[in-house]
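A.B. asks: Protein sequences appear in the order of chains Y and A.
Residues 1 to 196 (my numbering) are what the first sequence spells out, left to right.
Residues 1 to 576 (my numbering) are what the second sequence spells out, left to right.
Simulated from the structure, these hints should not be mistaken for lab results.
Hints may contain errors.
Here are some, though not all, of the chain Y residues that point toward chain A, as calculated from beta-carbon distances under 8 Å [stated by the list, open to error]:
{"id": "1", "residue": "His12"}
{"id": "2", "residue": "Gly46"}
{"id": "3", "residue": "Gly90"}
{"id": "4", "residue": "Leu127"}
Model, not experiment: these values are computed from the prediction.
Idealized CB from N, CA, C, for every residue including glycine.
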Amino acid sequence: MITTAMDNPDTHSGVSNAKLGVWLFLCSEIMLFATLFTSYIVLRTGASSWPWGWDALNVPLGTLNTAILISSSVTIVMAYARAYDKDVKGFRLWMGLTLLLSFAFLVVKGFEYHGEFAKGIWPSTSLFYACYFTLTGLHGIHILGGIVVNSSLLYMSFKKEHWDNPLFLGRVEGAGLYWHFVDIVWIFLFPALYLL
Amino acid sequence: MSGDSNGHGAHEPSFWRKYVFSVDHKVIGLQYMMTAMSFLMVGFALMLLMRWQLAWPGAPIPFFGRLFPPDLAPNGVMSGEFYNSLGAMHGTIMVFLGVVPLAVGAYGNYLLPLQIGAPDMAFPRLNMASYWLFLGGGLLMLSSFMMPGGAAQSGWTSYPPLSIINPGQTVWLFSMVLIITSSLLGSINFLVTAMNMRAPGMSLWRLPVFCWAQMVTSVLLLLAFPPLEAAAFLQVMDRVFHTSFYMPKGLVVLGHVSTVSGGGQPLLWEHLFWFLAHPEVYVLVLPPMGIVAEIIANNTRKPLHGYKTIVVSMISIGVMSFLVWAHHMFISGMSPALSNFFLVTTMIISVPSVAILTCLIFSLKGGSIRFTTPMLYALAFLPLFGIGGLTGLPLGLTVTDIYLHDTYYVIGHFHFVVVTGSILALLGGTYHWFPKWFGRKMNDTLGKVHFWGSVVCMIGVFGPMFPMGLAGASRRLYDPTAQVHNLIVQPLNVVSTVFAYGLFLFQLPFIWNFFHSMFRGEKTEENPWHATTLEWACPSPPPHGNFDKTPRVHRGPYEYSAPGRKTDYWMQTDPA
Ligand code: HEM
Ligand SMILES: [Cu+2]
């Protein structure tokens, strides 16, 4: 089916179906997080008082997680580069590393949440914590989604048939695009919640 | 994903694969159609119950009243809470489970790939996932009637703080998340298909208007639904985890100061909701406009007047529809500067809508019109949708809206748009494309009975709502006679209700006609209407994979009555 499109460059956007699909998906994701950020700004500017993020949250753990996530963006690019060169072992190494870092992110996040719960802090405590738990929670769900996608790619890389399939590289690229998006969301979340 | 349908027609798939878990866009389109039509009937049935209460407040509902549990309808008389649930579910079901899935899921799915000359959607399995998510969300929504706390009671708009206090809302929110996800996946699929899978020669300016309508609609769904999804998450948090995104401080509920931490803003929800819901109304009307354009071109036997104007207007409607949302909130206390902005954008967006309607009307000029059943629907659409649109202008002007807001005038206005507009077009589309779907025609006489009966009844149901609203009758009112100023227009409520039951009766010939013609209708060939677009250049119904070989497109979509040709239609695929 993809061949019909490829045969007709004049009626084809020049971008593969999968990649176009991922980009459109990211557009909708941008709208999702843009809405949440806007709501955050509206609620914050309308509130009578608002705590400073660095007083209320665990900044060291947040910083650690930022570093982890940025590293994972680098490793997934490396994984793509290895896949591009059809270097099976290298791909598995870098993809495995990416997954390891994503789990590390979640574990650190878990410690952070645990610390807050231990202090009796819940989403219902105040509007600030409501924003914090909701935004980071939703972001965490996106990390989980990325883990599912990336680990299925890792699993596929153990089967030769997938390396023979020209679509495989496109899938790795799509996963990479998504992962960068999740990363960028965090780059906005971190200062907005922890530092400002 | 794209490699899925490589084995076209190679072997006969099992019954389950072929009709139930199919990845064929035509089967999925028909599944959407059957499901959405059923939801339309459910939404209609809920309203028939409400209409009884509105016409004869406090009288027991005949026959059905006793079937409901006593807490909903004691002694067969509808309770206020039940009325609220029915109203909220009517709106939700009609919009999100009826018209949109029918206009986009059913018509778009079936026709878009055919009209662009593609063998299927870009992502067939994703397409199937969209359908099942939609069905799941819909069934969950329906099941909320049976759940503890009952169905949502806060209108289809779910304004907080009411929606956070009332029972039943949580299930509504979860169903909405499923439905939204389904729409998002669907719109990605539609856009990739339209951008990447067009047959050779099918440049963008050769696309039928219907395809353009579907593309603009998909963009709207893609960009407008995520904000509602985000807003719904926040509402779930408020309800389940007792946050207070939408809850102000010190709110008093039933005499008790609420204990939530407070600080939130109910207006935030209104903004987020209408940021989706205004584009959503264009999702309700653009595909039907596309359907009407196809039917009119085909039955006037001449090219559409102003094809490019129509397309450009649709695109500008798409862009503008993100800039008008707060015209639903004029009385929410926003600053006059802001309401003036939204007043101006609202007036501007009506220009392209009027342009489209004008083009369609001008298309009739000088045509040798065939009064086929689908054409009757398209012709009725023009003035009636026009009434719906024009009555909207006073609602977009702050001065008049302050009086008209939340009255039956509003209900009359948007039902003229969605019922005598969208629904008429969608019904007309059924008669038009039925031969393609099943290789048989629907019965014409029954079609005409259905048409005249429905049109007269629709006007009878919604026409009286204008004077009622002008007299000050508010919407969402359980017992209209409780307010003295409504008594003078109460007879109009009876008129409206009687016509609503008439409208129901006139759908029976349609239902019979649909199923009877599926098996017994007069057989037709590939192109019974002598149409020009690509869906008529393959067998009826099209086989798996649609075209035996990839079609080649040579000209625009509406080459009717071209001079110097033997036939009065020149198909897009004809080499010469
Ligand atoms: C065909 C027969 C229909 C009838 C007789 C009908 C009648 C009504 C009436 C009387 C109300 C006002 C109820 C109240 O304010 O208490 C209402 C509300 C509404 N209707 Fe319909 N309607 C029909 C079809 C539709 C369709 C096709 C749609 C959408 C596409 C629709 C969407 C709505 C919405 C969104 C509301 C507002 C619900 C709310 O207040 O939250 N209706 N309808
Ligand atoms: Cu609007």
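A.B. asks: Next step is simple, just say for each hint if it's right about the structure.
C.D. replies: Outcome of the hint check:
| no. | hint | in the structure |
| --- | --- | --- |
| 1 | His12 | 5 Å, holds |
| 2 | Gly46 | 6 Å, holds |
| 3 | Gly90 | 25 Å, violated |
| 4 | Leu127 | 4 Å, holds |
Violated hint for the displayed structure: number 3, the only one.
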